[in-house]
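S.K.: Sequence:
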Amino acid sequence: MATASARHILVNDEAFCKELKEKINSGETTFEAAAKEFSTCPSGARGGELGTFSQGQMVPEFDKVVFNDEVGVVHGPVKTQFGYHLLEITERS
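With the UniProt record's numbering, the residue at position 18 of the sequence shown is 18, and numbering never jumps.
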């Protein structure tokens with residue numbers, strides 16, 4: 001079964017999510033620093049790190065990105081029932 005490691009930033013506002021992505025991609029901040037400062041998920045304290053998980057353990061919108069899109073880049077905003085996510089896949093096997 002496929003597994004992946006990823007980190008994410010969860011916020012309530014899509015526009016703010018896009019703004020954070022721009023700041024990360026431009027080098028103005030790091031993914032980890034933005035997660036620690038702005039993520040509403042408890043994983044924010046760990047820089048957004050979610051650890052390793054299998055396909056089907058996360059919500060479908062999350063899985064679709066993590067198990068199909070490019071590793072090592074920032075994806076999003078991805079809307080789920082929890083809010084808007086920025087996702088970075090750190091590893092997939």
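Take these hints with a grain of salt, some might be off.
[What the hints assert, rightly or not] Subject to a maximum C-alpha distance of 30 Å in a straight line, what follows is the list of computed DSSO-like cross-link-like pairs (lysine-lysine): (1) Lys-21 to Lys-36; (2) Lys-21 to Lys-64; (3) Lys-64 to Lys-79; (4) Lys-23 to Lys-64; (5) Lys-21 to Lys-79; (6) Lys-36 to Lys-64; (7) Lys-79 to Lys-36; (8) Lys-79 to Lys-18; (9) Lys-18 to Lys-64; (10) Lys-79 to Lys-23; (11) Lys-18 to Lys-36; (12) Lys-23 to Lys-36.
Worth flagging that the hints you see were computed from the coordinates, not collected in a lab.
S.K.: Now tell me if each hint is right for this structure.
M.R.: Status of each hint after checking the structure:
A C-alpha spacing of about 14 Å is found between Lys-21 and Lys-36, which places the hinted pair at or below 30 Å, so the restraint holds. This hinted pair checks out: Lys-21 and Lys-64 have alpha carbons roughly 19 Å apart, not beyond 30 Å. A C-alpha spacing of about 12 Å is found between Lys-64 and Lys-79, which places the hinted pair at or below 30 Å, so the restraint holds. Restraint check: the Cα-Cα separation between Lys-23 and Lys-64 comes to about 24 Å, which is no more than 30 Å; the hinted pair holds.
Under the criterion of a C-alpha separation no larger than 30 Å, the hint pairing Lys-21 with Lys-79 is consistent with the structure, at around 14 Å. Of the supplied pair hints, the one linking Lys-36 and Lys-64 holds, its CA atoms being roughly 25 Å apart against a limit of 30 Å. A C-alpha spacing of about 20 Å is found between Lys-79 and Lys-36, which places the hinted pair at or below 30 Å, so the restraint holds. For a cut-off of 30 Å, the pair hint linking Lys-79 to Lys-18 stands: about 12 Å separates their Cα positions.
Proposed proximity of Lys-18 and Lys-64 is supported: the alpha carbons are some 19 Å apart, at most 30 Å. With a CA separation close to 19 Å, the supplied pair Lys-79 and Lys-23 stays within the 30 Å bound. This hinted pair checks out: Lys-18 and Lys-36 have alpha carbons roughly 17 Å apart, not beyond 30 Å. At most 30 Å may separate the alpha-carbon atoms for a hinted pair to count; Lys-23 and Lys-36 meet this at roughly 14 Å.
Figure legend: structure checked against the earlier numbered hints; every hint is met.
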